[in-house]
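Engineer: Line order of the protein sequences matches chains A, B, C and D.
For what it's worth, UniProt numbering labels the leading residue of the first sequence as 1, then goes sequentially.
For what it's worth, UniProt numbering labels the leading residue of the second sequence as 1, then goes sequentially.
For what it's worth, UniProt numbering labels the leading residue of the third sequence as 1, then goes sequentially.
For what it's worth, UniProt numbering labels the leading residue of the fourth sequence as 1, then goes sequentially.
These are computed hints drawn from the structure, not numbers from a lab.
As the structure is a computational prediction, the values presented were derived from the model and not from experiment.
Careful, some of the hints might be misleading.
[Stated by the list, open to error] Derived DSS-like pairs: lysine-lysine, alpha-carbon spacing no greater than 30 Å straight-line:
{"no.": "1", "chain 1": "A", "residue 1": "34", "chain 2": "A", "residue 2": "80"}
{"no.": "2", "chain 1": "C", "residue 1": "46", "chain 2": "A", "residue 2": "102"}
{"no.": "3", "chain 1": "B", "residue 1": "80", "chain 2": "A", "residue 2": "80"}
{"no.": "4", "chain 1": "D", "residue 1": "46", "chain 2": "B", "residue 2": "34"}
{"no.": "5", "chain 1": "A", "residue 1": "158", "chain 2": "A", "residue 2": "108"}
{"no.": "6", "chain 1": "C", "residue 1": "128", "chain 2": "A", "residue 2": "34"}
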Amino acid sequence: MAPLQLTGQVLDVRRAGMYTVLSLTAPGLAERTKPGHFLNIGIGGDESGLLLRRSFAIYQAQSRGVYGGSVDIVVGVHGKGTQWLVERRRHDNLSIVGPLGKPFTLPKDPANCILVGGGYGTAPLFMLADQLRERGCRVDVIAGAATEEKLFGTLEIKRAASTLTVTTEDGSMGVQGRVTDVLDDIITKTSADVIYACGPMGMLAAVANVAAARGVYAQCSVEESMACGIGVCMTCVLPVIGDDGITRMVRSCVEGPVFRGDRVRWSEVGTVPTDALGAPTEGH
Amino acid sequence: MAPLQLTGQVLDVRRAGMYTVLSLTAPGLAERTKPGHFLNIGIGGDESGLLLRRSFAIYQAQSRGVYGGSVDIVVGVHGKGTQWLVERRRHDNLSIVGPLGKPFTLPKDPANCILVGGGYGTAPLFMLADQLRERGCRVDVIAGAATEEKLFGTLEIKRAASTLTVTTEDGSMGVQGRVTDVLDDIITKTSADVIYACGPMGMLAAVANVAAARGVYAQCSVEESMACGIGVCMTCVLPVIGDDGITRMVRSCVEGPVFRGDRVRWSEVGTVPTDALGAPTEGH
Amino acid sequence: MSRALITSGPMGSGLNLPAVDMSTSIASFETPMPVFTASGCAAAGKELDQFFDITQIGGIVTKSVMLNARSGRATPRMAETPSGMLNSIGLQGPGIDAFIENDLAWLRQRGARTVVSIAGGSVEEYGKLAAKLRNVEGISAIEVNISCPNVEDRGQVFACDPNSASQVIQAVKRNSDTRVPIIAKLSPDVTNIVTIAQSVERAGADAVAVINTTLGMVINLDTMRPALAGITGGLSGPAIRPMAVRCVWQIHQALPDLPILGMGGIRNGDDALQFIFAGASAVSVGTVTFNDPSAPMRVQNELEVALAMRGFTTLREAIGYAHRGPDLDEVAEEQE
Amino acid sequence: MSRALITSGPMGSGLNLPAVDMSTSIASFETPMPVFTASGCAAAGKELDQFFDITQIGGIVTKSVMLNARSGRATPRMAETPSGMLNSIGLQGPGIDAFIENDLAWLRQRGARTVVSIAGGSVEEYGKLAAKLRNVEGISAIEVNISCPNVEDRGQVFACDPNSASQVIQAVKRNSDTRVPIIAKLSPDVTNIVTIAQSVERAGADAVAVINTTLGMVINLDTMRPALAGITGGLSGPAIRPMAVRCVWQIHQALPDLPILGMGGIRNGDDALQFIFAGASAVSVGTVTFNDPSAPMRVQNELEVALAMRGFTTLREAIGYAHRGPDLDEVAEEQE
Ligand SMILES: Cc1cc2nc3c(=O)[nH]c(=O)nc-3n(C[C@H](O)[C@H](O)[C@H](O)COP(=O)(O)OP(=O)(O)OC[C@H]3O[C@@H](n4cnc5c(N)ncnc54)[C@H](O)[C@@H]3O)c2cc1C
Ligand SMILES: Cc1cc2nc3c(=O)[nH]c(=O)nc-3n(C[C@H](O)[C@H](O)[C@H](O)COP(=O)(O)OP(=O)(O)OC[C@H]3O[C@@H](n4cnc5c(N)ncnc54)[C@H](O)[C@@H]3O)c2cc1C
Ligand SMILES: Cc1cc2nc3c(=O)[nH]c(=O)nc-3n(C[C@H](O)[C@H](O)[C@H](O)COP(=O)(O)O)c2cc1C
Ligand SMILES: Cc1cc2nc3c(=O)[nH]c(=O)nc-3n(C[C@H](O)[C@H](O)[C@H](O)COP(=O)(O)O)c2cc1C
Ligand code: FES
Ligand code: FES
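Construct the entire structure; sequences and hints are all you get.
Structural biologist: Printed below as a string of structure tokens:
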């Protein structure tokens, strides 16, 4: 279904550790949202010097309710745009485009699923966990971050998961280490069929590697700098192997952000592999 | 005294006809303010695409009170910056520089004064009227505008004035016509010694002409586009005759905005008179 | 021109304004509507068609296509800048054959007016591209991107040299259908853009597109190196609008008969009107589409209102209007 | 270079950071501080001294002065643009004699480091200006404005032609005190700024100031004519920063020994650091001063914190840092 462009109103702004959760009215948007979709928000109005929209995974989508549809996003302050966003107040208007991107693919039959979230990368996993369980899947969650404060929603996600394993690099919560330090074990314990992951590129690469080594199907939601988010600018590309075995520089906003773990050439993200379609030839 | 640069808080936003009156905390600023001073306000924060400050006459200045000093300005929506400004709410912060410019000069001895305001040009006349009366001057006010809604403060200024005459071009309030249609008469009636005027350039020119014809001393507060407001950019100039009889392109932000009516070359505002100091010579 | 000046104000909201004849032409290409997408900011129209009906605007200018498939540059390919952005895409694309087969076919079937933008690494490549398009249906005009600063081979900015620029245009002209007008797209990164416009006109260009991005750079303060993998990139967006309006003005002043497709930072109808008044016959909306995916349609609607409010009944009357001599009342004033 | 990288975060607020040696030099001009005002954006320092102590920054670059008093252009002289502005002042000023007598005397007495900017309508005028300044005390450097697009005579943009540019520099060099370094101020409005930098260096310039404004235009939609009385004007402010950083980068790349005074849209310490990393030895803050009258001082303080946070103990180490070869860890990664 085509994405919408609309003006949403801020219904609620609440802090959640380091993060800010914004609830926005977005008539029509919630109904179209599937787990893994993201949306784009304009920063600062018509006279803003910040021209580009910012992208956020859709964390929750309520299609009914008093406001006739609303969505929640989780915002971590990174730079000027996210700073502006967390300063919004109830009743402020925001310009929204969404839902955008290819969402996660759900298994047709009940399957054992591991959901791995890094930092605010847990945000899109809530809806995913709910829908997987509705389909009779087993859901085990791993949430990792550098430190406790950078985790998001660990308390809430427990409800939707058979088990929750937390890792922090500094050991401030859960297991000290990275998500991949525990992943292998959990794959074994749960006889996982599918891994869903969302988080920083390095984590996704590591998860995809483990999944490949164990022969488990993986879907990873990537985060690339995007100028348009709708497929028209070609800024958000990464090297992805197609069904035909050919590597192309593929737009993560429309052909992603969710990719099969074994299709992304993780170690070459940020480069153009020499065998990619149309790669510069020697001497050019 | 040197102008201040400070962050003020919006204390109050109230509509007054077509205009919006903003009250701002401004510690230290009120004490320095004299009638005719203006201040400069930054628009939209650090990431705003609108880089230049907007200028406003200081309408009221309270040096004491709960907020330790506050000032009021009267804002008419003109373009993007003033639009942004009237959308401010209580508790918002604004970046302020002021007081700026050369204020009105007050007569040493009691004198008969006529104050002429065009549109929001009445704003700086309130403090002026009060201070003139404190010095034992007679104050008569003329307020003019194209139409009733474009008048500001006619009810309040009555209190400080012996008489108030209102003119509107469409006759929607007071005398139909322009301020100069009534000025001559009022000069006669009040045996005026001084005329103070603030308003659009055309009005000031007309007032200065009448004053000159009648031999009355006039001070006019002009409004030129200003990039800096503090005297460093040279955008705000107009041709003014100096004490030495030489016309110079003079900065209205620091050498004005208040000028002697007989010193501004009104009909040549917007041009460089050929006899101005350093004017382009033939063939250059 | 007879015009009744409707001033803005309560009724300036577009209510009760007479409709404006928005038709215009870029050389022999007649279009009922004057607002286009900008090359590289609309892909080949399909994605934007989700946000507005792409057949309702002037047309789609497609992403510059080269002879062969191209991967483009490594990422990062973009950096946000004050009121603008840098890009360094490196002309990623499918190559002309796949473009004709897929993108152009879709556009034709969709019924959108289409301006095909081509880019080459050599004069020969431009010639071949033109030849490939020669007998293809559904092309309203060809925009020749001779000014992209992002091509791998940095020596090859044709638009910065009057000779190379005209060689490219000649090659394209020689190889293309005479009924399809050729629009040469110019770079602002030259000492004198009028010289370049003159040389491409002499070489046979039927119109010019003005302006392409201007070369810029951002340093990433974390890596303490250039933010873009391509080191420099093209600056676009409202930041460069004054530069673009100036280029349009200068070219229209020197070559009043050369049609101009104006672009560079157009965000709303007022911005578009600046370009028209400066001398553009039509405009493209580029970077702002990333902020507002329906921008080309919105800008076109706003432009119509802006024209109507000023009493124009046709867009054509407004083209170059800012170059007119003194108005009668001004003359009168001076004579006083 | 030995640096302990202090990452940003809770302590990145400038607390407990070691002081940075901010001294730098522009050729033989040694300055303890690297941030200057920009010519035409600070008059002769007096007004800004109300907002911060002008002796605490690198110095004041005064408004370009000509031989005789000049009225400048008619108004409107400015137009706001997205993240920037246009100006068309037309070099209003008192003439060199009055300037020396009043402005320069005040600056000297105030103890501010002063860079005097000069502008002429002919090579001869530049020579005369330099001669006038020859035996005047209190001049740290002379900035030669060869790039102002606002002079009445439009043919005379020296900065756009390598020959005229070098003639001006030669004339200034010949007539000025050899101990006072000459900084040639370049325009970005050229096809290749490196060529111009090379030619002024060969002509004897000790340093370059990069960049002056770029030519732009705004149409006033009420009058439906150019917004500025001068028709075109110089575009400045954050909008042009990516262009300015690019110019600094290109010149430093080609001429690593030529000192650069970098400017164009610097708004904060991070922006200033981009210029330093790109190759500038010092920077000027111009248009942003209109937004924040204490900007030069603030930018300088922020620059010091930005350097300290990245582990730099001296500003000099950071000059051109973005041009370095691959870091050791990057090399290691590639070899894996
Ligand atoms: C598909 C997707 C989903 C995302 N989901 C979330 C989320 O749920 N919660 C959250 O906090 N953040 C999310 N992000 C990251 C978020 O978009 C960036 O943190 C944000 O754009 C940074 O903007 P800024 O103005 O604060 O930073 P700045 O550094 O000032 O931004 C400058 C420019 O770079 C771009 N940029 C900078 N960092 C990133 C980044 N990490 N990813 C993409 N663009 C970037 C910005 O969009 C902007 O154009 C997501 C990104 C993508 C692509
Ligand atoms: C000394 C002085 C005192 C003023 N006092 C008042 C006042 O008390 N109340 C009030 O409503 N307005 C006052 N003005 C006018 C006010 O500054 C402008 O209306 C305002 O700057 C317009 O900004 P904008 O963004 O809404 O318009 P835009 O047209 O978008 O502004 C674009 C640019 O032009 C400048 N500009 C546009 N119109 C004017 C103007 N009339 N005067 C100066 N600069 C202008 C702006 O500052 C800005 O830089 C005063 C101006 C001056 C110079
Ligand atoms: C991401 C991006 C990609 C672009 N790609 C092309 C291109 O392929 N060919 C071309 O001629 N211009 C290209 N341009 C330039 C635009 O068509 C346009 O000339 C320029 O951006 C100025 O207009 P704007 O400010 O409205 O974007 C590109 C611009 C951007 C931002
Ligand atoms: C109002 C104004 C006046 C200027 N006058 C001069 C001048 O007299 N001489 C000069 O060399 N540059 C002049 N400049 C250019 C600035 O010194 C500077 O090079 C340019 O504006 C870019 O820097 P910025 O973006 O920080 O302003 C002027 C700029 C402005 C905005
Ligand atoms: S962000 Fe523009 S194509 Fe993906
Ligand atoms: S506004 Fe800058 S000198 Fe007056």
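Engineer: Each hint should be assessed against the structure and marked as holding or not.
Structural biologist: Hints, verified against the model:
Of the pairs offered as hints, the one joining residue 34 of chain A and residue 80 of chain A holds, with about 29 Å between alpha carbons and a cut-off of 30 Å not exceeded. Annotation: proposed proximity of residue 46 of chain C to residue 102 of chain A holds, straight-line Cα distance about 16 Å (limit 30 Å). A C-alpha spacing of about 22 Å is found between residue 80 of chain B and residue 80 of chain A, which places the hinted pair at or below 30 Å, so the restraint holds. Pair hint residue 46 of chain D plus residue 34 of chain B holds up; C-alpha atoms about 22 Å apart against a cutoff of 30 Å.
Taken as a hint, the residue 158 of chain A and residue 108 of chain A pair is honoured in the structure, with Cα atoms around 24 Å apart against an allowance of 30 Å. Between residue 128 of chain C and residue 34 of chain A the CA atoms are separated by roughly 45 Å; this puts the pair beyond 30 Å, and the hint is violated.
Comparing the model with each earlier hint shows a violation of hint 6 alone; every other hint is respected.
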